[in-house]
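In order, the protein sequences belong to chains Y and D.
For the first sequence, position 279 matches number 279 in my numbering, and the numbering has no gaps at all.
For the second sequence, position 161 matches number 161 in my numbering, and the numbering has no gaps at all.
It is worth saying that the hints were derived from the structure and are not from the lab.
Incorrect hints may have been included.
Unchecked claim - Here are the in silico distance ranges between beta carbons for each label pair: (1) A52/D - R69/Y: 39 to 47 Å; (2) G136/Y - S148/D: 41 to 49 Å; (3) E144/Y - E279/D: 21 to 29 Å; (4) G136/Y - A229/D: 40 to 48 Å; (5) A82/Y - S276/D: 37 to 45 Å; (6) A277/Y - A236/D: 49 to 57 Å; (7) E281/D - A25/Y: 55 to 63 Å.
Unchecked claim - Over the 10 Å line for every Cβ pair with chain Y, so calculated as not near, a few chain D residues: (8) E152; (9) H155; (10) A229; (11) L260; (12) P269.
Ideal Cβ positions, reconstructed from N, Cα and C, are used throughout, including at glycine.
Number of protein chains: 2
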Amino acid sequence: MRGLIAFPITPLDNAGRVDTDAFAAILEPLLQAGVDGIGVLGSTGSYAYLDAAQRGRVIETAVAQAKGRIPVIAGVGALTQADVQHHAQKACALGADGLLLAPVSYIPLREVEVERLFVAVADGVGRPICIYNNPGTTGFDFSESLLSQLAEHPHIAALKQPAPPHDAAARHEALANHIGDRLQIGYSGDELALNALVAGARAWYSVMAGVFPGAFHQIMQAIEQADYASARSCHARMQPLWDVCRDYASYRVAHEAIRLIERAAPVMPAPLQPLSAHERESVRRALVASQLI
Amino acid sequence: MRGLIAFPITPLDNAGRVDTDAFAAILEPLLQAGVDGIGVLGSTGSYAYLDAAQRGRVIETAVAQAKGRIPVIAGVGALTQADVQHHAQKACALGADGLLLAPVSYIPLREVEVERLFVAVADGVGRPICIYNNPGTTGFDFSESLLSQLAEHPHIAALKQPAPPHDAAARHEALANHIGDRLQIGYSGDELALNALVAGARAWYSVMAGVFPGAFHQIMQAIEQADYASARSCHARMQPLWDVCRDYASYRVAHEAIRLIERAAPVMPAPLQPLSAHERESVRRALVASQLI
Chain Y
1 MRGLIAFPIT PLDNAGRVDT DAFAAILEPL LQAGVDGIGV LGSTGSYAYL DAAQRGRVIE
61 TAVAQAKGRI PVIAGVGALT QADVQHHAQK ACALGADGLL LAPVSYIPLR EVEVERLFVA
121 VADGVGRPIC IYNNPGTTGF DFSESLLSQL AEHPHIAALK QPAPPHDAAA RHEALANHIG
181 DRLQIGYSGD ELALNALVAG ARAWYSVMAG VFPGAFHQIM QAIEQADYAS ARSCHARMQP
241 LWDVCRDYAS YRVAHEAIRL IERAAPVMPA PLQPLSAHER ESVRRALVAS QLI
Chain D
1 MRGLIAFPIT PLDNAGRVDT DAFAAILEPL LQAGVDGIGV LGSTGSYAYL DAAQRGRVIE
61 TAVAQAKGRI PVIAGVGALT QADVQHHAQK ACALGADGLL LAPVSYIPLR EVEVERLFVA
121 VADGVGRPIC IYNNPGTTGF DFSESLLSQL AEHPHIAALK QPAPPHDAAA RHEALANHIG
181 DRLQIGYSGD ELALNALVAG ARAWYSVMAG VFPGAFHQIM QAIEQADYAS ARSCHARMQP
241 LWDVCRDYAS YRVAHEAIRL IERAAPVMPA PLQPLSAHER ESVRRALVAS QLI
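Full structure from sequences and hints, please.
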């Protein structure tokens with residue numbers, strides 16, 4: 001779980017079925033562009049909306065398409081521990097190389113509850129687990145002491161969290177000093193992750209790399225070659241994209257972008273609605289201005 | 001949807017099965033105490049954690065126990081519109097007298113999405129719907145203009161929202177002037193609802209009335225008789241209860257209280273864990289100090 005990990009959408013049709021042909025057409029360009037991993041069933045991959053059968057089809061398709069060339073990491077979050085454990089076992093059986101787990105909740109969870117959930121899931125699988133710390137969605141923020149404790153488990157291997165909006169380098173370094181020898185630390189947030197990556201973070205969990213893998217691969221390569229000026233310049237060029245993602249949510253923008261570049265015609269699960277004609281035009285202009293289409 | 005509406009827990013066993021005998025034992029005291037309605041499958045009733053079959057058993061049990069004496073209102077929220085519509089139709093078929101719907105989300109919803117969801121559900125059912133505005137959980141706050149628009153629908157009849165922590169009377173009166181002729185406005189929040197009720201709100205959606213209906217019925221009667229001094233005095237006596245609810249979440253406290261008074265031995269769905277022995281003792285002391293046990 002290092003390098004550029006792209007989180008593609010899951011293309012659903014009007015009836016909520018996973019369009020596996022369209023999904024293969026979304027995945028193959030990621031492999032061709034040289035991303036380091038594919039994260040299926042992330043937030044952008046609609047995991048929260050999908051049942052076990054739908055999730056199974058997503059993982060099967062991704063594993064078949066990757067053919068072992070790069071790892072496939074599967075999101076296994078759910079409200080109940082029973083569902084999480086079922087999803088985790090099934091993901092392993094279908095060939096996922098790693099699991100991504102967020103402490104999804106309705107009643108916000110307490111530290112002891114999250115700790116037991118992660119240990120129970122990690123005990124039951126033979127694949128590395130990435131802790132998905134996403135306080136904005138889950139209402140739970142992992143403390144350093146909990147991360148430290150979970151890192152002792154042989155199957156808990158990595159941490160994905162939103163890049164901090166301020167002091168990203170200093171905050172990444174402090175966290176890395178504390179747990180970086182035991183957990184691979186990576187960041188989500190296409191706009192904000194750059195500073196943490198420049199400061200040495202191991203992984204970029206990127207939504208828009210699931211649509212435009214080439215541009216993100218170029219930035220990641222520049223970072224790995226310590227050519228930070230090029231990385232910053234390529235990244236800054238996409239400011240119009242970051243702006244529409246903030247306005248409409250990157251989930252909606254990723255679905256619209258996949259439609260625009262004609263890789264699929266995905267339908268977001270209702271009650272989510274397509275962007276209006278005016279908003280779609282804003283997305284198109286942002287992608288043109290970002291030199292992505 | 002007026003008066004005191006009690007929101008009991010759903011007693012689950014270790015295997016996640018709804019214990020219908022225990023549920024009947026929880027419901028009958030509510031009927032005996034004279035509450036005006038029963039809200040099953042609210043947040044406290046674990047709706048978010050339950051599938052269609054479990055929800056069906058809850059509604060069947062409540063309808064059978066109520067025997068038409070007071071209305072049974074059923075929560076029908078879910079992440080996808082397809083699930084919401086399925087739950088709504090099933091709740092009506094099983095005899096629920098009204099539906100409670102929150103705009104549950106993973107990707108936070110936009111106004112147009114919430115509007116279409118509510119209209120689609122309301123079009124498909126012949127029972128009154130109560131809008132459940134719960135921004136803390138859903139990430140969506142209903143604007144007055146959206147409430148006003150939804151109130152035009154013949155099946156959208158009521159609004160349940162958390163009582164505001166400040167200026168409850170003034171805020172209730174402003175809202176009531178705007179939409180009070182078309183939506184019955186009621187409040188949740190056992191501690192904070194009092195001021196809004198004194199200011200004329202029509203309904204109290206209460207978690208702890210699902211455990212201690214007598215004490216809450218007494219307060220509601222005092223309010224209806226304009227004996228606000230008695231209402232405030234009874235309510236203030238329960239300050240120790242409000243305190244533990246703030247510390248541990250009223251969901252956990254309600255489960256522990258039901259266990260303490262030996263009405264059932266409910267198991268919260270994992271990853272939720274029972275309170276520690278020390279915390280359980282704090283709940284017991286709070287209930288004693290509140291003169292509830």
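Here's how the hints hold up against the structure:
no. : hint                        : verdict
1   : A52/D - R69/Y: 39 to 47 Å   : holds (40 Å)
2   : G136/Y - S148/D: 41 to 49 Å : violated (30 Å)
3   : E144/Y - E279/D: 21 to 29 Å : holds (24 Å)
4   : G136/Y - A229/D: 40 to 48 Å : holds (44 Å)
5   : A82/Y - S276/D: 37 to 45 Å  : violated (23 Å)
6   : A277/Y - A236/D: 49 to 57 Å : holds (56 Å)
7   : E281/D - A25/Y: 55 to 63 Å  : holds (60 Å)
8   : E152                        : holds (19 Å)
9   : H155                        : holds (17 Å)
10  : A229                        : holds (35 Å)
11  : L260                        : holds (19 Å)
12  : P269                        : violated (5 Å)
Hints 2, 5, 12 from the earlier list are contradicted by this structure; the remaining hints agree with it.
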